[in-house]
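Chemist: Chain residues, written in single-letter form:
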Amino acid sequence: MAQKMTMALFSGSVDKLTAAGVILSGAAADDMDVDIYVLLMGARAFKKENIGEQGSMAELPHLKDEFFASLERLKVNTWVQFFKEAKEMTNVKIHICGLAGKIWGGEKLEDFNELADDICGIGEYITSAQEADVHLFI
Amino acid sequence: MEANELKAVTVDKTVDARGTACPGPLLAAKKEIANISSGQVMEVLSADEGTKRDIPKWAQKKGHDYMGVIEEDGYFRIYLKKG
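Keeping their order, the protein sequence lines are chains A and B.
All residue numbers for the first sequence refer to the working numbering, where the first residue is 1 and numbers rise by one.
All residue numbers for the second sequence refer to the working numbering, where the first residue is 1 and numbers rise by one.
Note that these hints are calculated values from the structure, not bench results.
Treat the hints with caution; some may be incorrect.
Quick partial rundown of chain B residues pointing at chain A, CB under 10 angstroms, derived from the structure [unchecked claim]:
1. A3
2. A8
3. K13
4. T20
5. C22
6. G39
7. K52
8. R53
9. P56
10. Y66
11. M67
12. G68
13. E72
14. R77
Far from chain A by the CB rule (all over 12 angstroms, computed), these chain B residues [claimed, not checked]:
15. S37
16. V41
17. D73
18. Y75
Note that the structure is a prediction, hence the values are computed from the model and not measured.
Backbone N, C-alpha and C define an ideal beta-carbon position, used for all residues, glycine too.
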């Protein structure tokens, strides 16, 4: 039986989303089942209209240009590419917190990009975290 | 295996991941090993220092045989036998 990783993705900042994407890639290479619960600030990044947005950085925001230049030079995927690739490689489900969605004007699944699988409540996240082999909060 | 032994190994598949940083080489290895048969040998070319430790650990977990690494000028050749 595959090991399971549960990730609470609270942040919607591009630096933390990129970190989440790198970790998700490692889990995909390891054939782990992954449940990602997109909470509060994270949900905005998954809104359909925001998918191409470069977004803000939570850490060292004044070095954003340097960060993006380095990612490009090193041919690092965007966070969306990391997430898409991981979904193709292993069982990754992305759940949007119902409250978080509403905060950013997303009531239904179709308000979010194609990465999102469903809209859920917080109880499901707690259960998933209790069952996980690896549990992360980003 | 030592470098001189690895150089004599017949490689069934080469994955050139020198253009990518971590986790690119690991993901490339994961994808491409699906395209060879058990017992066949794959070499992964990577210029990423971390990959030289990452791929052996991944291979061990996945049941593949890590055969060794050759350090070339600016990159590594990492050899795996599919389990």
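Chemist: Each hint should be assessed against the structure and marked as holding or not.
Modeler: Hints versus structure:
The beta carbon of A3 (chain B) comes no nearer than 26 angstroms to any beta carbon in chain A, farther than 10 angstroms, and the hint placing it at the interface is violated. The beta carbon of A8 (chain B) is not positioned within 10 angstroms of any beta carbon in chain A (closest approach about 29 angstroms), and the interface hint is therefore violated. Checking K13 (chain B) against chain A by beta carbon gives a least distance of about 17 angstroms; that is not within 10 angstroms, so the hint is violated. At a threshold of 10 angstroms, the smallest CB-CB gap from T20 (chain B) to chain A is about 5 angstroms, leaving the interface hint in force.
A hinted interface residue such as C22 (chain B) counts as satisfied when its beta carbon comes closer than 10 angstroms to some beta carbon of chain A; here the least separation is about 7 angstroms, so the hint holds. A hinted interface residue such as G39 (chain B) counts as satisfied when its beta carbon comes closer than 10 angstroms to some beta carbon of chain A; here the least separation is about 21 angstroms, so the hint is violated. Hint on K52 (chain B) is violated. Least Cβ distance to chain A is approximately 16 angstroms, over the 10 angstroms limit. The interface hint given for R53 (chain B) is broken, as the beta carbon of that residue sits about 13 angstroms from the closest beta carbon of chain A, more than 10 angstroms.
The beta carbon of P56 (chain B) is not positioned within 10 angstroms of any beta carbon in chain A (closest approach about 13 angstroms), and the interface hint is therefore violated. Interface hint status for Y66 (chain B): violated, as the beta-carbon distance to the closest one in chain A is roughly 15 angstroms, over 10 angstroms. Checking M67 (chain B) against chain A by beta carbon gives a least distance of about 19 angstroms; that is not within 10 angstroms, so the hint is violated. Hint status for G68 (chain B): violated, given a least beta-carbon distance of 20 angstroms to chain A, over 10 angstroms.
Interface hint status for E72 (chain B): violated, as the beta-carbon distance to the closest one in chain A is roughly 20 angstroms, over 10 angstroms. Interface hint at R77 (chain B): violated, since its Cβ lies 20 angstroms from the closest Cβ of chain A, which is beyond the 10 angstroms cut-off. Listed as a non-interface residue, S37 (chain B) keeps its Cβ farther than 12 angstroms from every Cβ of chain A; the least gap is roughly 19 angstroms. With a minimum CB-CB distance of about 19 angstroms to chain A, V41 (chain B) clears the 12 angstroms threshold, and the non-interface call stands.
No beta-carbon of chain A is positioned within 12 angstroms of the beta-carbon of D73 (chain B); the least distance is around 20 angstroms. Consistency note on Y75 (chain B): stated as away from chain A, and its beta-carbon is indeed over 12 angstroms from all of that chain's, at 15 angstroms minimum.
Violated hints, listed in ascending order, are 1, 2, 3, 6, 7, 8, 9, 10, 11, 12, 13, 14; each of the other numbered hints is respected by the structure.
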